[in-house]
Every structure is written in structure tokens, then in C-alpha cells.
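Student: Take a look at the letters that make up each chain.
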Amino acid sequence: MRGKSKAKAIDRIEGEALLNIYYNERGDPSKATIEVSEAPRFFEKLIIGRKVQEVPDLVSRICGICYSAHQIASIRALEKALGLEVTEQTETLRKLLAYGGMIQSHALHFFFLAVPDFFGNESIFDLTKEDTRWIQWGYKIKSVGDLLTELIGGRAIHPITPTIGGFKRRPKENKLKKILKELYEAREVIKKCVDVLGDFELPKFLKKFRFVTLTSDSEYPVNRGLVTSGLDIKFPEDEYLNHIKEKEVPHSTSKRAYLNDGSTFIVGPLARLNMNFDKLNPVAKEFSETLKFMSRCDNLFSSHLARVIEMSHFLEESIKTIEELKIRDENLLNYEIKPSIGCALVEAPRGLLFHRYEIDKNGRIKKADIITPTVCNLSSAEEVVLEYVQSIENSSDDTVRNICERLIRCYDFCLSCSVHVENIYTKHK
Amino acid sequence: MKANRLKMAVFKLGSCSGCVLQLLNVGLPSLLKFINIAYFPLLKSKNVIGAYDVGLVEGSVSTKEHVMAIKKIRERSKLLIALGSCACFGGLQASEKDCRRSKPDYRISVTHPIDPCGIDEYVPVDFYLKGCPFEGEELITLLHALSKGAKPYFRERSVCFECKLQEIPCLMEREKAPCLGSITLGGCGAICPLMGKPCEGCRGPSSDVNLSSTMESFSDFGIPPEEFFYKLRKYAGKAFGSAKLEG
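First to last, the protein sequences are chains A and B.
Residue numbers for the first sequence follow our numbering, so the first one is 1 and each next one is one higher.
Residue numbers for the second sequence follow our numbering, so the first one is 1 and each next one is one higher.
Hints are computed from structural coordinates only; laboratory data are not their basis.
Nothing here was measured: the structure is a model prediction, and the numbers come from that model.
Just so it is clear, CB atoms sit at the ideal spot from N, CA and C, and this is done for glycine as well.
Hints may contain errors.
Unchecked claim - Reference excerpt, derived from the structure (chain B facing chain A, CB under 8 Å, subset only):
1) S30
2) E96
3) G241
Stated by the list, open to error - Here's a subset of chain B near chain A, in silico, CB distances under 7 Å, partners left out:
4) G50
5) S62
6) T63
7) I114
8) K176
9) A177
10) S212
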């Protein structure tokens with residue numbers, strides 16, 4: 001067999017993509033591509049000429065799942081450009097917003113997209129007949145994440161209140177304390193879920209991955225930190241573009257990112273957990289022992305466990321933060337418009353998210369650059385799929401295709417986020 | 001009961017997936033009593049391609065491939081529902097007239113972008129659920145009604161009206177903030193003004209719109225006409241019908 005095998009649509013991922021495997025003369029797999037055909041929406045061009053204060057709302061619409069991360073990244077990048085230092089309270093509330101986003105996004109992926117694979121089912125709704133627990137657990141955790149986002153951001157999807165210099169409305173302290181009850185319940189749900197998962201045997205796909213994440217001396221990082229690549233390389237967020245290169249490929253509307261030496265790398269929960277294992281909340285750490293997740297873990301399928309452990313971690317951190325929280329009245333910070341440049345890196349649920357803006361003298365966007373975690377992971381996923389199909393005998397088989405899809409699902413792609421090609425040339429007849 | 005469940009399909013065109021997520025958030029399992037999910041690639045494998053009672057579409061028609069897809073979706077769906085501002089009006093990606101800016105330095109083979117627009121530019125739509133994101137309760141009301149063969153009733157009142165009902169201090173009066181609440185269709189409970197942010201018109205025009213006087217108030221606040229027209233286009237594409245005023 002030579003040429004290309006029939007392209008297979010990848011289900012249960014966010015967005016539209018096909019998987020292609022190419023074969024050489026000898027019939028061996030020689031290349032695997034993930035063809036992203038998701039429509040590009042040209043956000044980096046859309047926001048040119050817009051006022052800085054509009055940007056967080058606009059970029060939120062890049063993604064219907066990790067909107068909070070896009071808002072926080074853009075706000076922080078613009079604040080850096082404008083030379084604004086926000087209050088400690090704003091930082092804390094932003095952290096809670098990020099935690100809410102992590103919890104809801106991980107719950108969506110783990111319970112709704114990944115769990116059906118554990119049972120060989122088509123969807124979580126088929127599962128309900130045999131085992132209704134998963135869907136109830138999924139909804140419980142997801143709704144707690146949404147509730148947290150709603151309380152801090154004013155709305156569960158595309159929050160309203162986060163803005164440059166702080167929040168348009170601060171949450172009421174008594175309302176925040178009220179959701180503690182829900183958070184305690186979610187904590188119990190995770191515990192049950194971990195008990196069941198402890199007896200579960202996940203498949204293995206081992207590879208020496210290059211992890212790139214934020215790290216911090218003081219905490220498990222979400223909204224800021226030092227970029228750490230592999231074991232030894234650390235650098236501040238401003239140098240991010242010096243270390244990675246983005247490349248456009250003809251078979252996809254999303255770009256691919258590589259390290260400077262051309263090698264692939266991964267971002268996201270598996271990378272984050274491995275690199276920040278010692279900063280985990282004690283409760284989450286205990287769960288990771290039950291789940292036999294130890295740093296360093298190179299099994300790609302353990303990404304699912306990493307999501308569960310992170311859900312627990314972010315729940316515990318939210319509980320701790322809200323229990324201690326006292327909301328003070330404070331005004332939005334004022335700022336002066338000046339031509340400047342600012343960038344920020346945050347940990348979105350799927351990994352490193354980079355925003356960079358150039359502002360002109362009228363406070364309008366001159367240039368924008370956004371690098372999403374899915375762009376970083378796509379090149380690694382193509383490599384992983386190729387390695388897998390090369391390792392087995394008959395790779396045209398349907399079951400093999402299913403395993404390829406499962407490997408791809410480990411990355412929790414968000415393709416809507418990733419389609420950032422800037423220029424498209426279509427052949428005119 | 002189960003035999004009469006509506007066969008539902010969920011499609012995504014150019015969008016952020018937020019509306020599909022909203023669909024999940026409003027409690028999909030509780031809807032399963034009267035709907036049967038036949039096609040929903042985000043949530044299930046082995047999707048059924050065939051005829052559906054209800055087709056839900058998120059996203060704007062943004063590529064040549066979408067044009068073909070939406071026509072097929074229309075053929076297969078007895079009722080077609082546009083989900084969210086992108087499907088209704090084209091959404092944010094339709095706010096700038098030309099951002100494709102083709103440059104012959106990069107060629108892509110998988111898709112062919114066109115100017116984004118709402119799905120009703122190509123096919124007739126039966127129901128519109130407007131907003132960015134749409135309101136979950138409106139979808140539940142709609143699906144409930146459809147499963148019983150009834151036509152749902154949505155009140156046509158403005159965001160401004162809903163804002164007043166809640167006695168929210170007027171952002172235009174107090175802060176001279178450019179708020180589109182008076183000309184925007186309500187149903188959202190005036191959530192943005194409630195959170196201290198002026199209405200951005202994401203649900204499109206209400207039944208009674210006075211564009212020229214709104215434009216005047218905006219220019220009193222120092223918002224020039226071109227900025228005003230941008231705001232109208234921002235989420236709602238051509239829906240406000242500002243083209244005539246714009247000249």
C-alpha cells in the first residue's frame with residue numbers, strides 16, 4: 001500500500017479535524033498529519049485598530065471553553081504595556097477566575113470527552129444506561145467551575161467584569177462564601193472518582209516528552225511564572241518568542257509550534273503537573289498517590305489523570321482562597337495611554353497561552369500576536385501518532401484508527417482557539 | 001414518550017464553541033427526555049448522517065465548505081435553529097469588512113475562507129436564538145414547545161426595558177457610557193449593564209429601533225459615527241441595517 005489512507009474525522013474533540021496517515025513504497029507509514037479545517041477567524045487582524053479596553057472582550061470570543069485564560073492573558077499583556085500594577089485583591093480574584101476556568105474545562109474534557117473511551121462507548125449519554133455516576137459527577141464538577149466563573153466574572157461563558165486595571169464589579173463576599181458548600185460537595189465527588197479510577201488500568205504510550213510550562217517558587221502557577229523548558233532552561237515570559245518558532249503548514253488552518261532546535265514539545269496538564277509536582281495541594285498530592293501518578297510520568301494517557309489531580313488541586317486552592325477572602329471596596333485603576341508593547345504568558349487549561357500587543361499613541365492596537373497551547377501540542381500529536389502506527393503491524397485497521405484518536409484526545413485539543421493563520425491565499429481559477 | 005423524542009443534530013461552523021458549551025451547561029441530560037441526539041461530533045463518535053427533526057447550528061458561514069454544508073444541513077433538518085450571534089448575524093468575525101487580506105505567500109489546501117455571515121444568507125432559518133452566548137432558558141423553552149408541536153412565544157422587549165425593570169442605575173445617564181440597550185433585543189436580563197458594562201448589542205436589534213437618535217446621543221458622548229457603526233456591526237453584522245445611514 002502506498003499513498004494516503006482514507007482520512008478519518010476525529011470525534012469528541014473541540015473543532016473540526018481529519019487524521020491522515022501516509023505510506024511509503026514499502027507500505028510503511030511515513031507521515032501522519034492532523035488536517036485542521038476549522039474556519040480561520042483572523043482575530044489578530046480583527047482587533048487591529050480597536051481600543052485597548054475592548055480587547056479582553058474581543059479575544060474572549062476566540063474560545064468558548066478557555067475564555068477566562070484569553071481574557072486574563074490579554075489583560076495582563078495590556079497592563080504590562082501600560083505600566084499598570086494591579087492590587088493584590090485583583091490578583092487573587094483573577095486567580096479564582098483562572099481556577100474556575102480550569103475546573104470547568106478539565107471536567108468537560110475528562111468526563112464528557114475522555115471517559116467514554118475508558119468504557120469503549122460512543123458518548124457519555126450511552127454510558128448513562130450502565131453507569132450514571134460519571135455523568136452526574138461530570139456535571140457536578142463542571143457546574144462548580146462555571147459557578148465560580150460566574151461569581152467572579154459575571155457570566156459563566158465569556159465573563160463580563162474582568163478588565164484592564166481590575167474588575168468592573170467585584171463579587172459579593174457573602175455570595176462567594178455561599179459557594180463554599182458547592183465546592184465542598186465537589187471535593188467529595190473528586191474523592192469518589194479517584195477511588196474508582198485507582199483500580200483502573202490506563203493504556204500506556206511512553207515517550208521522552210519535552211515539557212514546557214510555567215513554574216514558580218511560591219505556588220502551582222496559573223496566571224504568571226517563569227517559563228521552564230525541560231530540566232534546565234528557565235526564562236521570563238518576554239523571551240518566549242526567542243525560544244519557540246511558529247510555522248504555517250498547508251494542510252491546516254492552525255499553525256504548528258516548535259522549539260528553536262526544531263523539536264516538538266508539549267504543554268498542558270501532563271507537563272504542568274510533572275514540572276510543579278511539589279507545589280500541589282496536599283489533598284491533590286494524596287490523590288496522585290492513589291492514582292499512582294508520580295513525577296516524572298511520561299505516559300501520554302496519564303494526561304487524563306493529570307486533569308483529575310488538577311481538578312482536585314484547583315478545587316482545594318479555591319476553597320482555601322475563598323475561606324480566607326475579605327473583599328475590599330476598590331476602584332478600577334486609571335491609566336495613561338502611551339505607545340508601547342506588552343506580552344503575557346498564562347497557563348490556560350490546555351497549557352501555555354501567549355498574548356502580545358503593540359499599542360499606538362491613541363490607545364489602539366497596532367499589532368497582535370497570540371500563540372495558543374493547541375498550536376504547541378499539534379506538532380507533538382502528529383509525531384506521537386506516527387510513532388504509534390510505525391510500531392504496529394497492520395496500521396490500516398479500524399481499531400488502530402481508534403487508538404490514534406484516543407492518543408490525540410489525550411492532548412484535549414481546542415481547535416477553535418488554534419486557527420490563527422494570518423494570510424490565506426486561495427488559488428484563483 | 002420516548003418514541004416521540006425529537007431527533008436532534010448539532011453542527012458547528014466558524015465559531016468558538018461557546019454556544020455548544022452553553023447547550024451542555026443548560027442541562028443536556030434533562031433534555032434527553034424529549035430529544036434524541038443523532039449528530040453531535042463534539043460529544044459523541046459514530047454520528048448519524050440522515051434526516052433530523054431539529055438542526056442546531058452554531059457559527060457563521062465562513063468558508064466555501066460551510067456554504068455547501070449549511071445547504072445540506074437545511075435539507076436534512078425539518079426545523080433549523082440558529083444558535084448564537086455568529087449563526088444569527090455572522091458574529092465578531094463579520095465585524096470587519098475585509099480582514100482576510102489575501103497575500104500570495106501562503107497557501108492552504110483544506111479550506112477556502114469567504115466573508116463571514118449569518119446562516120440565513122444562504123438558507124431559511126426557522127428560529128433564532130440570539131446572543132453571545134445565547135440564553136440557555138430560551139433554548140429550553142423552544143425545545144419544550146417544539147416537542148409538543150407548539151410555537152414558542154418570546155417577548156420582544158429591549159435590553160433597556162429589562163434594565164429598568166431591575167432598577168439598575170442607567171450607565172448612559174450616570175457614566176455617559178455608550179450603551180446600545182435601548183435598541184437591542186432583550187432576553188438576556190440586561191446582564192452586561194447589571195455588571196457595569198454598557199450593552200454591546202450582541203442580541204441584534206429590538207423591534208423598535210431609532211438609529212439616528214441613538215447615533216446623536218453617542219456623538220454627544222464623543223463617539224463619532226464610524227465608531228457607532230462599528231459597535232452596531234461588532235456582534236450583529238448587518239442586522240441593525242445601518243448600511244443606509246452609513247451611506
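Student: Each hint needs a verdict: does it hold in this structure or not?
Tutor: Hint by hint, here is what the structure shows:
1. S30: Violated. Min distance 10 Å.
2. E96: This hint holds: E96/B lies near chain A, its Cβ roughly 6 Å from the closest one there, short of 8 Å.
3. G241: 22 Å, violated
4. G50: Cβ of G50/B sits 16 Å from chain A, so the hint is violated.
5. S62: 4 Å, holds
6. T63: With a minimum Cβ separation of about 5 Å from chain A (threshold 7 Å), the hint on T63/B holds.
7. I114: It is violated, given that the least Cβ distance between I114/B and chain A is near 9 Å, above 7 Å.
8. K176: Violated, about 15 Å.
9. A177: 11 Å, violated
10. S212: Check failed: Cβ of S212/B comes no nearer than 24 Å to chain A, outside 7 Å.
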